[in-house]
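Combine the two chains into a complex, taking the hints into account.
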Amino acid sequence: MILNLISWKSDGLRCPNFAVNLEKNRNIYPTFLQMPNGTGKTTTLTLLQYCMYEHEFTSKEVWQYRGKKKNYKETGFFEAKFKLDGANFYIKIEFDFKNKTASYSSSIRDGGWKKEFDLPEPLNIIIDKGLIDLLFIDLEKCQTMFRNNQTEAQEAIRKFCKVNILDKIINDLDGYKTKKRKEAVPSGALANDILTEEARNTTIRSKITEVEKKVQEYKKYLNETEEEFKNGTKILKEKIEKDKEIKKKMENLEAKRDKAKINYQKALSENFEKIKKIGTYEGILQDNLKDFVAGLDDLQLPEEDATVFFDELVKRDKCVCGEKLDDIKRKNILSEREKYISIDAATIVNKIKYSVNSNTKESDKTDLDALAKNIQDSKHEYDTLVDDFKLLTKSTLKDDLELHDRIQELKKTRKEKEKFLDTTIKKIWLAKDKPETTESLVSLKEQLVLSNKKLANLTGTQEIESKITLLTNILENAKIEAEQEIASELAIECNKKIKKMLTKDPVYIDSINRNIILQEQQEAASTGQEARIGIIFLLTILERSSIRFPLVVDTPVKGMDKAGKRRTARLISELKSQFLGFVIDSDKDNFSNKLMEYTGEKSNFITAYRRNEEFDTLAGKFQSAPNGAGNGHVVYGYDFFDKFEEEEDFDEEDKEDQE
Amino acid sequence: MSLDKTIINSIKKNLEEKGQSPDLIKLILDWCERKDGAKILVEEKTNLIERILEEIKIEHDT
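Chains A and B supply the protein sequences, listed in that same order.
At position 109 of the first sequence the residue is numbered 109 (my numbering), and the sequence of numbers has no breaks.
To convert, count from 1 in the second sequence and add 659; that's my numbering.
No lab work stands behind these hints, which were simulated from the structure alone.
All of these numbers come straight from a predicted model, not from anything done at the bench.
Here are some of the chain A residues that sit facing chain B, going by a computed Cβ distance under 10 Å:
1. Glu121
2. Ile126
3. Lys162
4. Val163
5. Ile165
6. Asp172
7. Lys467
8. Asn473
Which residues of chain A face chain B? A partial, calculated answer using Cβ under 10 Å:
9. Pro122
10. Glu463
11. Leu471
12. Leu475
13. Ile480
14. Glu489
Glycine included, C-beta positions come from ideal geometry on N, C-alpha and C.
Chain B on its own, in the form it takes in the complex (with noise of 0.2 Å):
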């Protein structure tokens, strides 16, 4: 992971206090890491962003 530490942290941090599962998490990470590599597809880009959304759990942010 060529993230700076500190933000991979923090986005964990914060997902993890809004009670976000250690799945989201791995996306999204993941998701940043490959957004500092090449261009992705658009429909690869939908695909990931669709299976985020199934992962995050409403319901926690009141």
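So that you can see chain A by itself, here it is in the shape it has in the complex (with noise of 0.2 Å):
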């Protein structure tokens, strides 16, 4: 499968209006396009990308796209042309600004403009949103590769290998076997039991999609806070560390905190353990408990000396208050005992009476109060060197309290969310787990295959559910050994291409899990590194998949060295898919003269720029200048490419209006 980006044109947007076509002579190469800053890459970008994928446009966001002062419209457009295997097709985005909408039309295959996005088979099937993010990439933002929260690598190995047909099969196994489940059903008691486990076994896999969602946005949230957490954090760590005095103070500070921090722990530590010997009293309670046992003692009570107090009371002539006794007195006596104290409660009291004995002399060897007392003292000396370190913290950092501050808001999230990922999703499967009380996708999937085996057991499908588990669990086992295979593969092909193309600063590939994980003796990666990495990784990708899409990259030799661009540029000309980058003069030296070197005819230089009169003069000389009262020209040509040079006091206000 082929597809080709072929042309697309733009019209009343905030970048100039280009109609910008990469077929020469019919045919596609690899391709430069020169666009100055604030002509629109980014703009041109992102609207290319949303011609592959449906995207949902915001009020703010198709606002952000107009004109801006006297270039302003009400309405605008975007279309670009593309070819798959052959045959052409049109994606064209309008835009009305005066109500803020966005709406999209297609054309495929001569089937005329319907006013719905549509793109041809098999590309409906294939292409989505992440495949589309990886294929048109600005190479400053491709560190999602190497972050430790996100999985692009991992996601670009099973997109271009098609790992991801094993995960379609893997769901129409699933679909087939629920289908034959509701198809077997039948009437009666049991089938009330199969529509409860049917509910339950719905409500497992809700679950199971809002915990995976949840971490996506975990993932996504720290991979989009990682950059800003890690620089505050480093340049606080600075300006701590510029003063000696401070830097020494804080480190005794610090360790004294802990130190403190370990005591409290023990204390608390030493509590529980004297706590968990349940019945062990202390203080006011253990007196009052001795009191109320003595008051039992005194008053020669429970039961046995209760009876002895009644059997004596009845011999006697007269009653304790003077009364003289009779018989009738006696048996009255004699009834009202039980009132008294029954043999229950005697035994109870009795048991109160020994558990407060042997309590209290067991307080004696544990005295709760100095273990009180020492948990109160060093959470005390705890709190005390806790403040002292923020006040010496935020006295030193009196500047950047706000950063400070922000840093400490971030790194609480952060630990949530991390525990989240680390912890929560990964606890063992328990008897009493349900889906609404726990959070762990192993548990989870345990409960769901639990369900599974049950409704498959109450329709009497056992035989397909254990043949489609079987299958399944082949297919997954497949899939995680391909894909770890493809991986490693991919490492050696891009360490050898690491070797030739970053010759002055090499930072090789160690593995490629989920994320690209470079070789641990070697310092963290810069942006500049990354992205070189970022495109060796996606050009041996695209070199060994069967898929033939263009790859469009902005800025794709950015910081490399000479070397470097030359054989970036080899690549490119190696390459068997499209290939466009956009470039800006600076990026031409050893770069674009190296691939008209290899390619000789076989490749494709365009300029766009916004017009202005110097531009349109020198266009002139090459017999292209514009026609029409546009405010944006194409040229095509390596001659005049080569000559552009971008106006050097261009800032970024001028950026902001034009942009």
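Following this line, the structure appears as structure tokens:
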């Protein structure tokens, strides 16, 4: 399958109106498109991405695409033309700036324009946002391939080497199983059991989807805040370490604080151990209990003593109150005796007495009062040191308090999310687990297996269930093994290229798991190094893939040395897929001229600029002067491309105004 | 076959290890190939799965 981007045009947007055609003599060659800063490189790259999958535009977003000042129009559009295995298709995004809306139209295989987003088969099955984000890439933003919490590199392997096909098959098998189960529902009481279990099965599946969504959100958050957190922490650390005296003070305080924390934790732990000995009393409670038991003894209670008391009483002539006792009164006393203390009650009171006696003796050995005091003291010491540390940090970072607070906030939130990803979702399954009470994917998946088995038993589809479970397990295993092997082969291939292309500053790949992991002995790679390895990885994986999709790269050689640029040009010249690189003037030396050298006429050089007198005059010298009155102009050919120089006084304010 | 050779080998290896027949391996690889192309009709897919299920030997999963 070969997909090529053929051309695009735009009108009424914040970038100049361009019509860019990538075909040269009806062929598609490696193309460099020179667009000076501020002419809409990012806008073009983004809108090209949006032409490959359906993007939902917000009103705010639509508004950002409008032309500024005198270039403002109420409507605008961006239209791209593609060719899939020889057949053209078009995608158009129409902007209504007055109502802040955007809508899609598409024309596939001569079917005329339809007011909807549509891709020809089988692109509509293969393509998704993840794939397009990899193929239309700004290398300055390719760090996601290197982040712990991201899976871009793994996703790239899955998509380009089509490992995902196995997921689709597993999904189909699951769908078939569910369908067969539903067809086999019998009537009667069993039907109710099946309905109940089906509902539980659905709840488990929903919970799995919910947790997986949360996992993605958390990973996204960790990835998006990683640079900010790392950089902020580094800045604050450097500020503190700048003043040697403060640094020493802080280290001392830190050591004391850590020691106090250990003492505090130890005291808490000791106390907890004592408390675990249930029935050990101390302090006022101990005194009260002792008094209570003494009182019982004084009263000669309970049962045995009470019996003796009443028995002795009935033998007397006179009651304790002085009244003479007769037979009726004696009988009365004996019958009332049970009301004062029953055998059961007496047993309980005896137990209380025993427990109090033994535990008050135990408490003589374990002085909880002393322990409580120790806890209070160590807590006080720890709190004081924490406060001192905070105070010293704040006074040292008085000019960066906002950054300090932000980093503290990030630290806390990131820790919570990391805990969720590292622990919560990996907790083992327990028999008591329910979908409502756990967020562990391990447990939820086990619950699903058990529920599937139960449903298979209820519906009599055990054979289908076991066969599909067996096949699913085999395919899952095949997928994991294939992914690991491909990743390892890719790492070797990438390292060969790194050795050739990054001669001065080689950073090698250790492994590719979920993300690209660089070799341990090296310090963290810079953004430039990551960009260079990122493009090597993408070029290598595209070489291997049977998918011939365009690779559209913004700033393909940014930060590379001359040798690196030259070798990247060589790699691009050998690439079987279409390559389109957005470049600026400074990228050209040792790159575009080398591509020209390696490919001869089989490469394409285009320059798109926002019109001004100087550039128009230069274009005139190359017989490419603009005809109309548009605000953008496109010139084809290497000579103009090479001669064109970006305005040197361009600054960010211009960019903001123009972009 | 446009599927990566490593995946094809891994599918073959894992099915063979579980004592599955060459016919089943062929059916699965054909399915992978078709999955890579245009959409398969539901009926066709159901038939394919049923043929695969007939071929699976369950006694080897112990």
